[in-house]
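Trainee: Residue-level listing of the chains:
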Amino acid sequence: MNTPAPAAPPILNPALPQRKILRRLFLTLYLRGRSSRGLRLKTAPKSVTQKLLLVLLVYGGFGMLACSFARQPVFALAVYLHGLTFIFLAMFVSGSAGEILFNKEEADILMHRPVSSRDLLWSKIRVLIEVSLWLAGALNLAGLFVGLSAPDGNLLFPFVHIASTLLEALFCTGLIVLAYQLCLRWFGREKLDGLMTTAQVLVVITAVMAGQIMPRLVLQLTNKGWLRFGPETWWLGFFPPAWFAGMDDALAGRGAAGAWLLMGIGVIATAVVLWLAFGKLAHTYEAGLQALGETVSKPRTKSQWRWTETLAQLPPLKWFSPVSRTGFLLTTAYLLRDRDVKLRVFPGIALMLIMPFIFVFDKQTSEGFGLAFSSSFLAISPLITIDLLQYSQQWQASDIFRVAPMNGPAELCHGARQAVLWLLSVPVFILVCFVLWVVQRNPSHLLLFLPAFILMPIAALVPAALNQGVPLCRPNEEARSAARNAKIFGAMLPAGIVSGIAVWAFSAGWFWWMLLGELTLAVPVYFGLRSLVSRLRWQSLE
Amino acid sequence: MIALQQLTKRFGAQIAVNALSFEIPAGQIVGFLGPNGAGKSTTLKMLTGMLEPTEGKASICGFDLREQPLEVKHHVGFVPESGAVFESLTGLEYLEMIAALYGIPKDAARIRIQQFIAFFDLSFETLTDKLLGAYSKGMRRKVVITAALLHNPPVVFFDEPLDGLDANAAVGFKALIQTLAREGKTIVYSSHILEVVERVCDRVIIIDKGKLVLDGKPDELVAAHNAGTLERLFTELTGGAELERRAEDFAKTFR
Chain A
0 MNTPAPAAPP ILNPALPQRK ILRRLFLTLY LRGRSSRGLR LKTAPKSVTQ KLLLVLLVYG
60 GFGMLACSFA RQPVFALAVY LHGLTFIFLA MFVSGSAGEI LFNKEEADIL MHRPVSSRDL
120 LWSKIRVLIE VSLWLAGALN LAGLFVGLSA PDGNLLFPFV HIASTLLEAL FCTGLIVLAY
180 QLCLRWFGRE KLDGLMTTAQ VLVVITAVMA GQIMPRLVLQ LTNKGWLRFG PETWWLGFFP
240 PAWFAGMDDA LAGRGAAGAW LLMGIGVIAT AVVLWLAFGK LAHTYEAGLQ ALGETVSKPR
300 TKSQWRWTET LAQLPPLKWF SPVSRTGFLL TTAYLLRDRD VKLRVFPGIA LMLIMPFIFV
360 FDKQTSEGFG LAFSSSFLAI SPLITIDLLQ YSQQWQASDI FRVAPMNGPA ELCHGARQAV
420 LWLLSVPVFI LVCFVLWVVQ RNPSHLLLFL PAFILMPIAA LVPAALNQGV PLCRPNEEAR
480 SAARNAKIFG AMLPAGIVSG IAVWAFSAGW FWWMLLGELT LAVPVYFGLR SLVSRLRWQS
540 LE
Chain B
0 MIALQQLTKR FGAQIAVNAL SFEIPAGQIV GFLGPNGAGK STTLKMLTGM LEPTEGKASI
60 CGFDLREQPL EVKHHVGFVP ESGAVFESLT GLEYLEMIAA LYGIPKDAAR IRIQQFIAFF
120 DLSFETLTDK LLGAYSKGMR RKVVITAALL HNPPVVFFDE PLDGLDANAA VGFKALIQTL
180 AREGKTIVYS SHILEVVERV CDRVIIIDKG KLVLDGKPDE LVAAHNAGTL ERLFTELTGG
240 AELERRAEDF AKTFR
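Chain order of the listed sequences is A and B. Each residue of the first sequence is one higher than the last, beginning at 0 in numbering that gives the first Met the number 0. Each residue of the second sequence is one higher than the last, beginning at 0 in numbering that gives the first Met the number 0.
Simulated from the structure, these hints should not be mistaken for laboratory data. Nothing here was measured: the structure is a model prediction, and the numbers come from that model.
One side of the interface only, derived from the structure: several residues of chain B facing chain A at Cβ under 8 Å:
#, residue
1, T47
2, G48
3, M49
4, L69
5, K72
6, V75
7, F77
8, P79
9, A83
10, V84
11, F85
12, S87
13, L88
14, M96
15, L100
16, Y101
C-beta: ideal position from N, C-alpha, C; glycine also.
Please construct the entire structure, taking both the sequences and the accompanying hints into account.
Mentor: Below is the structure:
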């Protein structure tokens with residue numbers, strides 16, 4: 000059987016640039032998404048391109064806010080533009096880096112091919128930077144022209160700002176890539192997943208919070224004369240967007256000494272980050288990819304028990320039916336552990352959880368309708384959370400629910416609903432009330448939150464009543480943010496009306512009667528919905 | 000063609016592959032067997048350059064795995080057990096991308112892909128119109144096998160290649176690897192379907208807990224151990240016979 004070894008296969012076209020092939024591959028994967036079950040070529044890329052254009056349009060529209068900086072000094076405009084760009088790029092890069100840089104399945108596809116780790120890394124980085132620049136370009140487009148109106152600016156501003164934005168995109172991408180590589184090196188794959196998920200969730204929530212709070216805060220501090228800053232302000236040296244704003248001011252503005260210093264810090268920091276991320280650590284990238292395939296889960300010791308296991312043994316969970324308890328534990332586990340679910344759910348409801356705090360702190364809205372309206376966000380938060388919980392990468396595993404001897408999804412939905420209410424919505428509600436009490440010390444304001452609290456269990460039942468309350472049963476590809484926005488709007492409308500009535504009743508002295516009326520209506524609606532849900536049957540899988 | 004010397008892989012304190020040594024000449028089909036967690040996939044991943052060995056040496060077609068990893072990768076084809084593909088590419092886009100990574104010009108790649116399509120009874124429309132995510136498991140497996148053989152490698156590693164293939168495709172595939180071996184290619188075939196291994200392979204290597212347990216021609220090994228079949232020999236060597244006995248006791252709990 001043994002025959003002479005065949006000649007090695009000829010390398011037919013060694014000059015063909017692998018980086019080009021890989022860059023095209025990763026750009027296609029980014030635009031189309033990694034998973035596409037059931038999609039056809041004719042629809043998939045087209046819809047994704049349209050989506051991307053829409054995103055760029057939205058970014059461009061958001062960038063128009065720079066017009067409010069017309070005739071302001073170059074440095075003020077540049078700090079605003081670079082701050083905004085930094086937040087949006089950090090959100091995008093941290094959200095995409097894990098998927099693009101360290102994809103577990105990719106090892107089985109590419110790592111046995113003759114591709115160097117450096118080419119692989121560079122191709123991915125290039126795609127990340129390219130897309131970052133599209134987004135940054137759209138976000139800064141209006142600002143480029145606004146800068147021309149600056150009293151201390153000159154015609155060089157658009158060109159200098161393009162260069163400084165490019166530098167900022169490189170810095171931001173490099174920083175996140177570096178963070179990923181270091182975390183993978185120090186903590187291993189499992190901890191990296193957890194750390195990065197937490198970091199991404201925090202970045203998104205911080206961005207939402209910063210977007211809402213910062214303009215109010217800056218306005219208030221500036222009006223009080225507490226906030227005066229320029230290139231010479233020492234603490235701006237700790238604020239990366241200010242480095243790049245310094246570049247704008249140095250080359251196309253006043254050219255103050257502080258601006259040159261900030262620019263110097265920015266250039267040096269970018270160079271160091273790029274050298275570390277793409278030069279020094281590039282050779283360890285392959286080792287990082289290999290580490291993805293190495294599962295080294297340590298067995299749990301007795302002291303490392305999961306608190307959910309204890310929770311399941313305690314009332315009221317102990318009194319649930321086994322199916323409801325399973326629904327509760329499954330939902331809890333995915334809310335706490337699954338990267339994909341956490342990245343969808345928490346950023347998705349961040350605005351709803353943060354808005355009440357903003358209303359509480361904002362003097363103009365911290366009384367009357369503003370306060371009552373803010374509680375509407377909390378009332379509908381379980382509805383949106385349960386709606387988002389339907390989607391999972393492991394949706395096919397939910398077939399087990401249909402195989403199990405259950406007539407319908409009612410008990411499962413019940414468990415999921417209780418998990419969302421008691422582990423997320425109610426604790427946040429209590430926290431907001433506590434903060435409101437600490438800030439305002441006015442018990443009557445707390446009363447305005449009661450109508451929303453009564454609405455909460457009804458809102459939590461709505462997805463199940465619409466047959467959309469089974470957790471983790473639908474593919475990610477079906478999650479559409481446009482539809483979710485419509486749902487938020489649809490749910491906010493009745494919640495807002497209830498808030499309006501509550502404020503009117505409060506001022507008219509009929510608040511308790513209004514509350515009684517709401518309860519009288521809410522109780523039958525709640526039990527009606529529960530009855531509807533309990534009669535639901537599994538729909539045929541098509 | 001393939002030579003391993005004391006090849007070892009540790010994951011932390013756990014030894015996945017323990018000082019494995021053997022040689023495989025050209026033109027041989029070797030069944031690489033072992034129970035779950037024996038270290039088969041880890042060994043294959045090391046030999047294809049996907050995992051770095053902790054200790055020991057290995058060479059493929061004379062190229063050292065540590066010193067010349069890209070040359071080794073040029074000379075091997077690999078069908079991983081996972082059958083992973085980029086789901087949002089069409090079959091044709093995927094195969095052309097793989098061909099490009101090996102430096103095969105587009106026209107030559109297209110001709111080669113057409114040959115595989117004809118062999119596997121795939122339709123060109125499916126390959127150009129549907130994204131891989133929409134393929135059935137069997138169709139996806141055919142694409143993965145095509146991607147492994149597209150650059151005509153002298154050494155091919157198959158990890159559970161028949162998973163998902165229908166009976167006809169499996170028969171065709173078995174005939175294909177026998178023909179490839181006659182053409183001088185070295186095939187390492189890892190599978191749990193021992194009947195197929197017994198029928199197709201010239202030699203079997205059995206490992207357990209990362210260590211070499213047995214190495215030889217299937218019929219000679221079966222005869223030497225008076226086992227009757229390769230499956231019986233395998234279960235006796237790797238503790239399967241004990242599991243068989245336990246299964247009988249366990250089944251009684253259903254009464």
